[in-house]
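Residue numbers (the numbering used here), protein chains in the order written: chain A, -18 to 406; chain B, -18 to 406; chain C, -18 to 406.
Fair warning: there could be bad hints in the mix.
Copies of one chain are not kept apart here, so a pair can be met inside one copy or by any two copies together.
What the hints assert, rightly or not - The calculated lysine to any residue pairs, modelled on SDA-like cross-linking and capped at a C-alpha distance of 25 Å, are:
| no. | residue 1 | residue 2 |
| --- | --- | --- |
| 1 | 117 | 357 |
| 2 | 317 | 44 |
| 3 | 337 | -16 |
| 4 | 275 | 340 |
Source of the hints: derived by calculation from the structure; they are not laboratory data.
Here are the chains, one letter per residue:
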Amino acid sequence: MDISETLRHRILNRRAGMSLDAEFYNTSEVHALDLDVIFGRHWIYAACDPELPEPGDCVTVEVGSNSILLLRGEDMEVRGFHNVCRHRGARLIDARSTTIGNIVCRYHGWTYDETGKLLFAEHMGAGFDKSCHGLKPVHVRSVSGLLFICLDEAPPADIEYLAQTLTPYIAPHDLANCKVAHVSELVEEGNWKLAMENNRECYHCDGNHPQLTVPLSEFGFGFSPDELDQRRSKDIRTYLETIESEHARWEALGLPSAEVEELSSRVTGFRTMRLPLMGAGESHTLDTRAASGKLLGAFNESRLGGLSVWTQPNSWHHFMSDHIVTFSALPLAPDKTLVRTVWLVHKDAVEGQDYKLDNLINVWMMTNQQDADLVRLAQLGTQEAAYEPGPYSGYTEPHVEKFCEWYIGRLASTLLEPRAHIAAE
Amino acid sequence: MDISETLRHRILNRRAGMSLDAEFYNTSEVHALDLDVIFGRHWIYAACDPELPEPGDCVTVEVGSNSILLLRGEDMEVRGFHNVCRHRGARLIDARSTTIGNIVCRYHGWTYDETGKLLFAEHMGAGFDKSCHGLKPVHVRSVSGLLFICLDEAPPADIEYLAQTLTPYIAPHDLANCKVAHVSELVEEGNWKLAMENNRECYHCDGNHPQLTVPLSEFGFGFSPDELDQRRSKDIRTYLETIESEHARWEALGLPSAEVEELSSRVTGFRTMRLPLMGAGESHTLDTRAASGKLLGAFNESRLGGLSVWTQPNSWHHFMSDHIVTFSALPLAPDKTLVRTVWLVHKDAVEGQDYKLDNLINVWMMTNQQDADLVRLAQLGTQEAAYEPGPYSGYTEPHVEKFCEWYIGRLASTLLEPRAHIAAE
Amino acid sequence: MDISETLRHRILNRRAGMSLDAEFYNTSEVHALDLDVIFGRHWIYAACDPELPEPGDCVTVEVGSNSILLLRGEDMEVRGFHNVCRHRGARLIDARSTTIGNIVCRYHGWTYDETGKLLFAEHMGAGFDKSCHGLKPVHVRSVSGLLFICLDEAPPADIEYLAQTLTPYIAPHDLANCKVAHVSELVEEGNWKLAMENNRECYHCDGNHPQLTVPLSEFGFGFSPDELDQRRSKDIRTYLETIESEHARWEALGLPSAEVEELSSRVTGFRTMRLPLMGAGESHTLDTRAASGKLLGAFNESRLGGLSVWTQPNSWHHFMSDHIVTFSALPLAPDKTLVRTVWLVHKDAVEGQDYKLDNLINVWMMTNQQDADLVRLAQLGTQEAAYEPGPYSGYTEPHVEKFCEWYIGRLASTLLEPRAHIAAE
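With the hints as constraints, model all of the structure from the sequences given.
Set out below in structure tokens:
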């Protein structure tokens, strides 16, 4: 798409280490660019296997003005389609999730099979060629049960590197044998990048997340050595030693734990690391113990800390011994973002017996609301004439910087090599 | 108005037989063009006589950003005015319908008579010329009690042909002696053209309108001969014979019944036809019998089927022996349309005695809601990147094609001969 | 900012004595221009002393997309700041009014003192220079307790003339010893200029304000001599004589009362005049008597009429012997305006004892609602194609004309001498 000279200039001259110019957060021009370049040409985290476990199960995901239908076929394959009838363009499936046989358009009854093939279209006459009117497909890639989609015809190839790297981390948590325990959909009143930046640091945790900071250590996400007193220096040393010993223990259990950080170095950026938790060290709960009695996969040890998985541009995930929490951020408007959170437990876990729902979701329900409020304040700020980019802390905000670096880099590469850039990767 | 090169190209190169390009349904540019060219220069169906039966009765109609005031004078003439005070521009009548004496502006009391003449304006001093500050008139044309307005100074002349053609069909139903039994205002979440296209076919009726398809035959609006089995072929033969015999009977009663189809062949496009109804064949009710005991006009036969009247760009009407249902569609936004439905019965019919309101309005209340839902799905579809124009059925959607042909033709003629085109017609 | 040729033409060719062209009331282009030129470069009435009486008290005011924080320091000085953190731009104070110690950003805890100096920013490392990251200041000027702000770096200098002229009128009412009795925030559905124009005349009072016209004389704001009958001529003579005698009496009490009218003759336009009230002549109440038993300042006479103070672009105020009502209008959107009304009584007056709240606020609560409705009708009118500027009455609308003259003049001077114009004044 064409962009203004001002915007082109801002993309090509971003000042490293500083928050983005206000235009990136609140203009319709950047919103359209983000939908085109970022959400239209990259792998987007959309859903996970347990959201559509059986043949005929489907979910729809809104990516900008695209509604994408994900449908599990009889062959257990998940396929993606544009959720638009090829007759007069009506939306086909008008629900977030449901179970269907064939895909039938409510308007005039046009009927498609699970591969998108048009099976039936009444009154179209003898000369009508059904084979030209199948649904338009969308790429789907499962990474150990995390489902990514790409709207581009030629998706970035390095999803393979991401899959290869993350699979050993994720696979032991056995998503395929999980079930959905709870879903929350929260509309945050801020740009999607502010929601992501908020997620990429814990500098704000201490003052804003009284629940989350029970299991999470204040030292897990960086600190400035200049400001440490003796007590804190000692606490940090202890924490760093814990990481070292826990990593050794987890690796011995077959659980890769070391940090892999590829946030801005790849088209399909990501990061992972297994971190110890505080207290009992088992889970993101207020008592730091496992929320569910049925451990995931083949685990018989509940003290596995939390495996964080981040993907660019739009997801983060916490894998623990007893449950998984996955998050996606999807832009709704320049100043509105849908944050979808799904809590997963073992498919055989029984609510009220193996886990209490409140206890399972408490920490992140509260934390999400607190973050939504911060994102709102940040959005309000960017809309003011007095806003100007401010400095990121090199100690507590390096991953925010990586996010911005990746984002600006992706825009810039598109400007420099429009369309050609993807095929080359 | 100036339009973009892209839009000009799309207008001049529309592919016949296919739904319109997405831009026509969801851009502010086309919305503005529609308000200017279609709703600003054509005859728009606005109301009907029984909505303002007595002198001093008035209704207001919103056409884009114009509020039009229709007022019946002491001479029983209905006049139209822009609903704007000539002093500081305040809206004059702030209600959908009311009864007034003179037209008095609430702001500073400026007062106009029923012809729009300024009668009174306090404090304006001796030199003030009231004769230069009358209300701005709007053309009004009654066609047997259906009130059409035109905002253009030189309205299309062929309203006369429409009036001359339709009057013998409509007049026997004697609108002047009807009263309003019910009004419904439904805001559909789709472009006005999607609301009209939905009205111009019954391909969708079978799957979506369980109530409407009780009185309406599935064969009344076309079918593909290629797909008929023996039983349906026989049913169709029977239905076509019924039309023939009923038309002969109705013509003998003085009721013209044959189809007149001028949907895309004239500036003021229209279509009419009298069709038999199913079952008792009397009315659009769930038992197919007349809803009102007081028949209209001089009728003493209730089995008169349904006379359909369609006008471009924005109305449709069903005239039966016992009641009339009139519909108008008015654009509120690119993706919002007001559908106004008015049910009319004989002015002497008494509710609860001659008719039950539920029974009278049931079929179309349900049908309107079902259509609104389909229009919503169609609008959602046009907003997706994957939307592309799809093929209309030559058998069941020819009038949708005529609507699009008329619409694009009207835009094109304006582009080719800006403003001059109207005067010539 | 760049403006379209059409708008430039309309500014430079406004027809005197007529309401403004529609574009001034309902386009985003003019809204942006108004925020830049009018609200961005002039003195804006924002609040009054009793709204933040103690050190640490603060209020926030939204001027377009700017949130301005007004904070009273330990030195009793009121300072203004852009309400935006210098770290990642979050809004600092997220409430209309509150009391704080330091200014602490909720996001990451950055902390500023009452002069805007950055005191504390964790994790920023040794090289970080706090002195470069203070809050951005905004000019604040108190005129006898009325607080004006200016967002421009070089505010119009003639606020001094306004202060010098108005102080003798206002000071005797002793704002510093008042307290807030009630606040109303009303969002009017019209452009801010329509709210101001509505305030600048009482031509509409007779037909719309049954409560306000109890204390206010219909002759207080002009009349056409051409239309007077004998009785009204006599009433007017009586009223004019009353003004003369009351002015003499008030001046003798040390209260300047004569009209000063500088509405369009200065950059910082204003007008003031003390007018007699009807009946008991004491206050804007339904019984025309003082609403509060504790008179303001050193008054021991309650029959002081009403001192009107108007400032361009956005305020009006009524000062009486027993209470003060202040009003500000702030644009929220082309068709939305916040009207804030604050009722003030002596700080020692006790509700229920010295005054009844209902009785105090009744007249203006009703009047504001009535005006909001008129502003809504006026806005609706300007959105119609048929709107055209109409004539102001030379007798009852001269101050509306002055408002428009000032407004257009300010825009024009900016167009002719961009930015330079202010410094010269």
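Verification of the supplied hints:
no. : hint         : in the structure
1   : 117 with 357 : between (36 Å within a copy, 21 Å between copies)
2   : 317 with 44  : both (13 Å within a copy, 22 Å between copies)
3   : 337 with -16 : neither (51 Å within a copy, 60 Å between copies)
4   : 275 with 340 : within (15 Å within a copy, 58 Å between copies)
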